[in-house]
Structure formats: structure tokens, C-alpha cells
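S.K.: Chains as they are written, first to last, in full-length UniProt numbering: chain U, 1 to 430; chain F, 1 to 325.
To be clear, the hints were calculated from the coordinates, so they are not data collected in a lab.
Each hint should be verified, as a subset may be incorrect.
[What the hints assert, rightly or not] Derived lysine-lysine pairs resembling DSS-like cross-links, with alpha carbons at most 27 Å apart: (1) K121(F) x K102(F); (2) K266(U) x K24(F); (3) K341(U) x K221(U); (4) K182(F) x K409(U); (5) K252(U) x K221(U); (6) K24(F) x K47(F); (7) K24(F) x K341(U); (8) K121(F) x K47(F); (9) K266(U) x K252(U).
Each chain is listed here by its residues.
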Amino acid sequence: MDSGASRPAVVIDNGTGYTKMGFAGNVEPCFIVPTVVASNNSFLNQPRPNSTKNSNWIGQHNAGVMADLDFYIGEEALSRSKSSSTYSLSYPIKQGKVDDWDSMERFWQHCIFNYLRCDPEDHYFCLTESALTAPESREYTGEIMFETFNIPGLYIAVQPVLALAAGYTTSKCEMTGVVVDVGDGATHVVPVADGYVIGSSIKSIPIAGKDVTRFIQQLMKERGEHVPPEDSFDVARRVKEMYCYTCSDIVKEFNKHDREPAKYIKQWRGTKPKTGAPYSCDIGYERFLGPEVFFNPEIYTSDFTTPLPTVIDKCIQSAPIDTRRALYKNIVLSGGSTMFKDFSRRLQRDIKKIVDARALASEARLVGEIKSQPVEVNVVSHPIQRYAVWFGGSVLASTPEFFTACHTKAEYEECGASICRTNPVFKGMY
Amino acid sequence: MILLQSPCRYLLQVLSTRVQNLDKGVELDSQWVEFDDVRYHIQATVKNPNLLLLSLSLPTPPPETVFFGGLPQGAIEAIKAAYGVVLQVLDPPRDGYNLTVKLNLSKLPPDEDHKQAFLIKIASIRELVQGAPLRAVFKQLLSRGVKSDLNKIISLVHRPNESFFVFPQADKVTVIFPMRFKDSIDTVLATSFLQEFVEARRTAGLNNAPPCLWSSSPPKELEGSPDEALSANGGFVSFVIFPRHVEGRKLDRTVWSLSTFHAYVSYHVKCSEGFMHTRMRRRVETLIEALDRAKPDSEKPKNTEQTRSFRKLSIKDGRSNSNAK
Chain U
1 MDSGASRPAV VIDNGTGYTK MGFAGNVEPC FIVPTVVASN NSFLNQPRPN
51 STKNSNWIGQ HNAGVMADLD FYIGEEALSR SKSSSTYSLS YPIKQGKVDD
101 WDSMERFWQH CIFNYLRCDP EDHYFCLTES ALTAPESREY TGEIMFETFN
151 IPGLYIAVQP VLALAAGYTT SKCEMTGVVV DVGDGATHVV PVADGYVIGS
201 SIKSIPIAGK DVTRFIQQLM KERGEHVPPE DSFDVARRVK EMYCYTCSDI
251 VKEFNKHDRE PAKYIKQWRG TKPKTGAPYS CDIGYERFLG PEVFFNPEIY
301 TSDFTTPLPT VIDKCIQSAP IDTRRALYKN IVLSGGSTMF KDFSRRLQRD
351 IKKIVDARAL ASEARLVGEI KSQPVEVNVV SHPIQRYAVW FGGSVLASTP
401 EFFTACHTKA EYEECGASIC RTNPVFKGMY
Chain F
1 MILLQSPCRY LLQVLSTRVQ NLDKGVELDS QWVEFDDVRY HIQATVKNPN
51 LLLLSLSLPT PPPETVFFGG LPQGAIEAIK AAYGVVLQVL DPPRDGYNLT
101 VKLNLSKLPP DEDHKQAFLI KIASIRELVQ GAPLRAVFKQ LLSRGVKSDL
151 NKIISLVHRP NESFFVFPQA DKVTVIFPMR FKDSIDTVLA TSFLQEFVEA
201 RRTAGLNNAP PCLWSSSPPK ELEGSPDEAL SANGGFVSFV IFPRHVEGRK
251 LDRTVWSLST FHAYVSYHVK CSEGFMHTRM RRRVETLIEA LDRAKPDSEK
301 PKNTEQTRSF RKLSIKDGRS NSNAK
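Next comes chain F alone, as it looks inside the complex (with noise of 0.2 Å):
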């Protein structure tokens, strides 16, 4: 697995196991959190089987952006487009939650191929709702019509109490992530990882990806934005986004993407520690047998032996063992 994917497994797989077992309804009340703390909840009882209710609670955004009623802008518009009548919005949402849907599994459409696809929508919403104000940005980009919001910074939460920024001008969208990072060996590697990312950037079969650049001190478009917003342990990492790059269905791909793209920086940095640590695993294991090799033999049976009474323990060797009663 190289990027993660929009739709939530979880949800998906409780949404799926109930579209196929609607006559038996049974009672349902789980709640999960993805990365960069998105909540979930779901709900359902056996009275009517046929109706979910699914709350969502995104991360709680920094001073510096601006929410409306605990909901990034065009969010709900976004939900009614994308599902119509299976959906509908409760107002006021669950305690400790920002968004309560209600969803009806009867007015799904009956066509097996397109209720997979519809359930997988239904998975994927956080990406429409947390997506929805970059949505708007690049829909902007694409129309090249209303010139209002134009070289005005905007900043937009992904991270608990942390946001990244966007910077519309009239041909291309620049987006900026502070990387910040707990964990003083995660900054060591996702700064180097990034440094290597955008060399990656640089070589023949991505001529057409948007351009990257990482710098370790802000870049001049982020000037006159707070302090607390400015200081990031690993650097900062631009995007420049074109037209072409959000033509057409790509746009769903690239909201998700630079909406996530922290936790991705940071699944890749888990990856690489743990690939570090088989190669370390296996060197120990070559240096293990070297020493084994050096052992004068009058040590070596004594090794066994002790091997041996360990391996008592084992279910396979009380097989034997009883074998050989």
C-alpha cells in the first residue's frame, strides 16, 4: 500500500454486511477514529434496520481558520449533491460531534454494480467533507471566473489545533504544509524524505506532477501570517496545482491527497523505520552466526542442551516427546 485510500474500511465493511443482511437487522453502536482525529460513530437498532446513523467529528481547527458551525465551508451543500435522498443532514448533530447524517438503506439504488459504488461514496466521506473548501478553491481554479478571493491566504485545518495554507492566484493554486512532527527521529527521516521527494519530483516520468519544493524556513507567501503558525520542526513543503491538475475526475484524487498528505508523510516514515529494523534484525542475525562459528566446540553442546529444555514448552515437542514414551 503506497497512498491511503479515500474510503474508510471500517465503515465500508459495516455498511456492506448490512445492505446484505437487511432482514436480519441487529443492533449496531460503534465509534472509531481514523488518523489526524477523525471520529466516527455509527448507529443503528433493530426497529428499523433500514436506517444508520452516522456522526462525524473532525479535528479541531486552529484559531486561524475559519469554520462555520464546526464545519468547514460548502460542506453540507457538498454532502447533498454527492447523495441526494439516501442522506439526509440532522441539525443539531450528536454531542461532541460536528456532522450526524441519517442514512436510509432502502432508497439505495437497486442495481447491485452501482450500490457497491454508492456504499463506497458513502465510505468516503470524510473526503467530502473535510475536501470541500480545497473543492471549492480548485473549482475556482478551473472556472477562472471570480477573481474576489485572489492572492488572500487561506488556511485550512488537516491536524488537530494545526492547518496548512492555500494561495490562489489566477492561474494556479499554491498549497503549503507546515510538517510538524512529534518525535525527534520522525523529523530526522521525514526531512530527508522530503528532500528526496521533491529530487523524485525532478526526474523524466513526472515532468506532468504538480511542481514541489521543501524549504526548512517559510516561504514569502505565508509573510504576515501569525508566529504559532510558522514554526514547523520539519520544514515546509509547496505545491504548485494547474488547471490540469484537477481536470475532470482527477479532482477527487487531488483533494484527497493534499488533504492527507501529513498522514501519508508520516505512514511513510513508520514504513521506512520498520524496514530499517528487519535489515537491522537480519545484520544481528549474520553477526549472531559468525560468533556461532567462532565458539571453540566444547561450548557447543552445552548450547543445545539448554535449547532443548526451552523447547519443552512447546506443543510440537510434547508431540515428540510423547512419541518417544
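Only chain U is shown next, with the shape it has when bound in the complex (with noise of 0.2 Å):
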């Protein structure tokens, strides 16, 4: 057969919370599934038995299972572990970085076997990494796709900057500027020049969807609503979901909820899941406070009390002086965090505000010999911020540069997992 070039490359974004993959050149993201593996490690975790050798095999065959392949992904690992007690669940990624290999193969074999369905030696392959994985991290990712998975080439690409690339067809090919990506495990702010992440700009900080969810519960819970507390953090994400916005400002938006609470105040009906009886609770305050928590971050934790808007500008003043201006104008965001109403608006107005006072207390201390320039600020958001990184990804697998950008099977084997440490990036692009 021929190698995979005229075939669409696969792609393939493994995020904390959720992955999503597809072919290049789709819109859209075939399967978006949760990032969980659920094993049947009731044989696999025997210790290795020397004198019965053979104990293990006719113990597996006896019951009927093949123990390395008697595990689930996504969506079917979780309701798996919830009506049967044998499967236990393990989250591959934390925080970002790959936590547990094992399971992370596991989960690609199912992601390609089962719902992509496709012959792994027939397509490139492109992944996906966050900016500050190890480039140890990438040598194992390389490992495992060339040698089990036997592909023909394989992409390690930079999560921001797929982000950025994603507003390529929509924009001019801008490949400049800050990605501020909040998932559900990680928060970080990456500056990107002409492509290339400054590496020593990059900032992150402590808060993520998850931390959103967790304050939503917890006002909740204070409030006395009567949800069950055994499916609280999930109605807690589902209320995140559906009715949290972004307001500008806390003390209206409090004013407007009490004049008019038929308007603002929403219901939340369900069933509780030990006996089935139906309950409701009002959804007030939170819809705002939720994502509040990214610009004042007090009201949650007093470990961590930097707003976001402050993380960017601190994040834009310590990158190289000739790339500010850009970076400035063009903010990009990704993940599904940060697809609150208005999100990017309010984003764009605070660190204006701070660009704008910087540069009143600049003219006013060279009293009128120098007129500065205004700074630009610019918060980009497109419809599919959800799955940006994965859309960038579609964009650049399709390419035909991306299939000179891989690295193929014959270096690999030429030259052994140490090519995988670096991904050029892509020539054509910008």
C-alpha cells in the first residue's frame, strides 16, 4: 500500500477534561469524548507468578474475558464504572501533561480501533501537547505511535499554537499573538511569535473550569439549595454550562438579580439518582459569580488573587519589546472556559484599562516631549472555541507542507525516539 500521504492525516487533541478527534480537512471534530479509561485490572495487577505460569491465562480464559482488551473510553468508561464494580476509572492526563502511560496507549488504541476505525498504518498522525510538556513527555508519544501503532508519520503540535492557526482561515495567516487557553485541568497564558511559543513568557495560573464549578457548588451548598450531594459537582457543571455569563460589573449586576428576580433567576429541575423523586432549586447569583472567579479571583481563594486580565499584561510586558504591539492586538482564546457569554468582552475592556493607565502614567512623567502611540488590544473569539486547537490542527493537517513537517517512520527508525524532542514549525504558513 501506499504510504498515507493521500489520505487525510488523523488529528487528534488529548485534553484533561475532554479529547477530541477526527480526520484533517472536517470542520468539526468526529468524537469529542472525556479523557478517562475504564480497566478491568482484576488480572492485569496479579503479580508475575513464577511457579504457576500458566495460572494467569487459564484464570482469564476461565472467566471468559481477555483481560488487556476488557476496557472502555469515554462516555462508556464512565457508565461502565457506574453500574459494575470491577471496571476502575484512571484519568491518562493531569493538569495538562500525560500522567499515566498505560492508560494513555490504551485509550489511543480504543480512540483509533473503535471510534475512528481506521488502519493506523494508512494516515499521518497529528497530536497534540501542551506548552510546557517535557520533551521527554514527546519522545514517549513518539515511541508509542511508531512502534505499536506502526504510522507512517507522526505531528507533535504546540496546543497555542494550533489555537492561533485556527483563525487562520477566517483572519489573515496571523500567526503572532496570546493564546489564553482555559480548560478544564489548566490554565495558561502563552505568548506566540511568528509561530514560535516564548517560552520563558509563558504564564499559568491555578485557576481552571473545574475551580468554576467547584465555587458554583459550594454557593449551592451555602445557600441551602436541595440538591443531592452525591450528584452535586455534576448539576454544579451542567448549571456552568448552560446558564453562567460574564457581567461588567458586580454591584450592578447584583442590583439588576434583586429588582427583578423573576427575570435573572432560573430553575433547575432533576431527579435524585438513589430514589428517583424529582426536586428543583432556584440558580441565582452564581450565573455571574461563576466566571467571576477568572477577574477576582478573592471571592473563591485567598491562595491565588491575581485576576486574569493582570496575568495577560504581565504575561505581554515580560515577552521581547518588538512583539507587544501584536501580541497586544491579537488575543486569542481557547478551551471550553472560556465560552461564557461575554467572556472575551470583559477581557478586553479590563486590559485595556491597564494598557490605557500604563500609558497616561508614561506621558505624564515626559511631560508632551514624546506622544505615544495607542496600543491596540484586541480579545478574538470564534464560534468554535470549544475545540479551536483540534480546528487548527484540521487546518495544518491539510496542508500539503504538513506531511514534509512530520517526521516519518524511516527517521524514526534511522535515528531512534530523539526526533520526536522537536517539531519544526510549519514554513508555509505565515
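If you follow the hints, you should be able to join the two separate chains into one complex; please do so.
M.R.: Here is the structure:
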């Protein structure tokens, strides 16, 4: 068979919360599934028996399972682990980094054979990693992909670069910008100049989507809403996804809610998982207080009190001086937790405020000697933010340059896994 | 997952979401490739949310197989018989595809259970198209009627430029797969997998399964076939199918398992490689532990120092660091 260049590449974006997978050239990923593996470890974790060599195999055979194939991923994994106790859940990715390579390999195996149903020997692969991944983990990924799956070519892209590339089709091919990636488990602010990540200026903050959910859960508990405790995290997550929005001013928003409660307070209806009895609860201030965690972190935690706009400003200020204007001009949002209504507008306003204050101060210092050009601040949001990284991968992998930038199987066999340490930036893109 | 399922997962997902949100029909245009180089393309417009255009292309056949207009014999008839009014075959198909059909979702059965069953049937369109010739051979075996094609070898395509062979006889059908692999490690693993596979057939529980054989040289049924069809680095596997294996509802499953046999073997080869890696990783971990234990005490604190400096990058530690402040 010919090599995979004639077929669309497979793009898999493994996030902490959800994995997006599909084929290059499509607009949407084929599947978005939770990154979780439920495996039956009752046979695997037995100590290596030396005297009774075959007992493990016979035990498995009698039970009618093949332990190494008896696992599920995604939604199936969650429902299996709920209904039976033989399966244990493991989350292969923690805070943007692969934590458990065994589960990760199994996860990929199911992604490829059960979900996408493709033959990995036929396709080039485009995988993603966060900007802070160690080179060793890239080597590991390469090893699994080339040794286990025998893929013809691999490209490991940096997520923020792909998020920038997602805007490639809509606007001009701008590859300079700050990517604000707020996922479920991690928030990173990553400056990118001409497709290269400015590693020294990356900022990360310990507040992400999961914290918003936790905050909403806490608020509802404190108000005494009757949500069954075993369900409360899930309800809070759903409330976050359906009702939350960003406000422009907390005090005004409180007043609005108090004046017209009928308009702003929503109802949540559900059934208790144990008894099946229906219940309902109110959703009030948490609608705007949830996302507010990013702008006033002190309402949620006393450990970390720098608001997101300040972090972004600091990040740009620490970048090389000749890139700063371009960076302010192109602040790109990505990740599921940036989907709150008006999130981009609020962010733009707050950053603009900081920048203007600085400009005024410097003008006052230099009394009229030099007139500075106003700095343009622009927060870009696009409709596909939730899977912007995947979409960027799909765009990149459908260009002919992609196949020349990939590490091929032949190179891997010649030099070993160390070739995966670096991944060239596409020259044709900008 | 031990066996590959016959309905295409993505196609099924597309169809069910479409049926559930018929009123909010969105633009849809996507293409994907399945194992053995079967390509799909699905298209829908906002204007006619009920109509879907589904195209399918099959692997390029090698010269020895007989194809009519790019499709296996009997495929069109099989589609018409299976789907009826819901589906309409368009002629000519889209550029680059062998088959294009128009699905009319408004003509689906109204009852929910039947509807879901029908969607699964549409998602299994590949089984129907690719398995049509094999199905015809088995039907003939069941009826034991017409003896025209007997003792003549038929070659059917299952992978790009590769075919497998069917040898119908009066009371049985022999199906022969030449197994080819690209990678040398795959070849070795697959060879031992297949030998084990044949061995497993002999255990008591599988007495009713089709007898199967593996040999490194072409079996005698293939005498007189062209040379390129007879070169296989993974040997030859043959199954003997008796009428009892294709009776009633077993027919569909037999046809699917046989037409995707190569994908099945290659899936399991990949799985066993993955399993071996897991074992190797665990072994390395225990060895490293043993090494760590053997280290003199003076080296140990230095080691923890280093891990701490690396862990500064993680968010969890960011939290505990700021706690400390």
C-alpha cells in the first residue's frame, strides 16, 4: 500500500477533560469524548507468578475475558464504572500532562480502532501537547505511536500554536498572538511570535474550569439548595455550562437580580439518583459569580489573587519589546471555559484599562515630550473556541506542507525517539 | 473490544443526531476513511434537512478480481433490497467515489425502536456493499441448487490491491486469505498469532466453529493463480465454511467477519504490541526501583532537590507554593 500522504491525516487533541478526534480537512471533530479509561484490572495487577506460570492465563480464560482488551473509554467508561465495580477509572492526563502512559496507550488504541476505525498504518497523525510538556514525554508519545501503531508519520503540535492557526482561515494568517487557554484542568497564557512559543513568558494560573464548577457548587450548598450531595458537582457543572455569563460590574448585576428576580433567577429540575424523586432548585447569583472567579479570584480562594487580565498583561510585558504591540492586538481565546457569554468583551475592557493607565502614567512622566501611539488591544473569540485547538490541527494537517514537516517512520528507525523532541514550525503558513 | 463492529460509529452518530434535530438542520460536509481504505463522504444542506448524500469508495481492486462499474457484483441489488424507499442510488456516483446514495430521513419508520435499528442498518452499509459477492456464494451453498460456478476459484478484493480467494464446492466453501504485512515485527507477531489462532480452534469449546488452517505456502486450491497473488509474507489462512455456519441470522456475521479478517488480525497484532509495552514499562519501573534502593544515602537528597525544581511548573504545586507564602 502507498504511504498515508494521499489520505487525510488523523488529528487527535488530548485534553485534560475531553479528547477531540477526527480527520484533517473536516470542520468538526468526529468525536469529543471525556479523557478517561475504565479498565478491568482484576487480572492485570496480579503479581508475576513464577511457580504457577499459566494460572493467570487459565484464570482469564475461565472467566471468559481477555484482560488486556477488557477496557472502555469516554462516556462508555463512565457508565461502565457506575454500573459495575470490576472496572476502575483512570484519567491518563492530569493538568495538561500525560500522567499514566499505560492508560494513554490504551486510550489511543480505542480512539483509533473503536472510534475512528482507521488503520493507523494508513494515516499520518497530528497530536497535540501543552506548551509546558517535557521533551521526554514527546519521545514517549513518538515511541508509542511508531512502535505500537506503526504509523507512517507523526507531528506533535503545541496547542496554543494550533489555537492561533484556527483563526488562519477567517482572518489573515496571523501567527503572532497571546493564547489564553482555559481548559478544565489548567489555564495557560502563552505568547506566540511567528509560530514560535516564547517559553520564558508563559504564565499559568491555578484557576480553571473545574474551579468554577467547585465555586458554583459551594455557593449553592451555602444557600441551602436541595441538591443531593452525590449529584451536586455534576449539577454545578451543568449549571455552569448552561446558565453562566460574564457581567460587566458585579454591584450593578446584584442590583439587577434583586430588582427583577423573575427575569434573572433560573430553575433547575432533576431527579435524585438514588430514589428517583424529582427536585428543583434556584440558580441565582452564581450565574455571574462563577465566571467572576477569573476576574476577582479573591472571592474563591485566598491563595491566588491576581486577576486573569493582569496575568495576561504581565505576560505580554515580559515578552520581547518588539512583539508586544502585535501581541496586544491578537489575544486569542481557546478551551471550553472561555465559552461564557461576553467573556471576551470583559477581558478586552479590563486589559485595555490596564494598558491605558500605563500609557497615561508614562505620558505624565515625560510631560509632552513624546506622544505615544495608542496601543490596540483586541481579544478575538470565534464560534469554535471549544475545539479551536483541534480545528487548528485540522487546518494545518490538510496543507501539503504538513506531510513534509512530519517525522516519518524511516527517520524514527534511523535515529530513534529523540527526533520527536523538536517539531519544526510550518514555513508555508505565515 | 475483541471483534470489529460492523456499523460505522461516526456515521451512526451523524445519523442519530440528525434524526433527533431534524428541525434544526445544519450544514454538514465531512469525509473520513475506515480501515482497509474504505472512504466515506456525507453531505447535507440547510435547505433540505431531510436529504443526506452519502458516498462510499472501496479499495482499488487488483487485476484478477471482477468488478462491475467499480462495485462488487450484486451490491446495488443488495442495497435496494435492504433499504427500500429510504435510500436511492444515484448514477453516476460523485467524483472519486464508487457509490453515492441519497437518504431520505422523512421516510424512516416512525416507531423509535425500528428507527434506531434502521439507522444501524444504514451505518452498516459497508458490510452490505463489500460483502455482496461473498453473500451470494453462501446463499448458493445454502440452496445447494445451481452448480455452475463450482470448483472455480473466485477472487474478491478486501484491501487496496489485495484480494482473498473463495473456492465454492458442493457441500462447503473454502475461503483463503493471503496475509501480507508491511512491518517485519508485525509479520512475526502475526505469524505466531495465526498459529495460535489455529491451535485455539482445536479446543473443546469451539467444535462447531469453521475449521481453519494456516500454512506458509499457498494451499493447493490456489494452483494456477497469478504469482503476485501468491506472495504473502504472513502465510495463508483458510477457513472451511459449511452450510450450518451461514444459516439464518449467522449469515450476516459470517460475511462481516470474513471480509474484515485482515483488519481483525492487524488490530490484534497492534493490541499485543501495546500489551507487551505495558509489561516492559512495568519491568523497567521495578528495575529502576531496585536501582534506587541500591543508591548510597548521600545521593538521595540531591535527587529530590531536582524533582522539586521541575515540579514548580505544575499547577498543583503553584497552589501549595502560594500556600506557603
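S.K.: All hints, please: hold or fail.
M.R.: Cross-check of the supplied hints:
{"no.": "1", "hint": "K121(F) x K102(F)", "in the structure": "15 Å, holds"}
{"no.": "2", "hint": "K266(U) x K24(F)", "in the structure": "25 Å, holds"}
{"no.": "3", "hint": "K341(U) x K221(U)", "in the structure": "24 Å, holds"}
{"no.": "4", "hint": "K182(F) x K409(U)", "in the structure": "12 Å, holds"}
{"no.": "5", "hint": "K252(U) x K221(U)", "in the structure": "24 Å, holds"}
{"no.": "6", "hint": "K24(F) x K47(F)", "in the structure": "11 Å, holds"}
{"no.": "7", "hint": "K24(F) x K341(U)", "in the structure": "22 Å, holds"}
{"no.": "8", "hint": "K121(F) x K47(F)", "in the structure": "26 Å, holds"}
{"no.": "9", "hint": "K266(U) x K252(U)", "in the structure": "19 Å, holds"}
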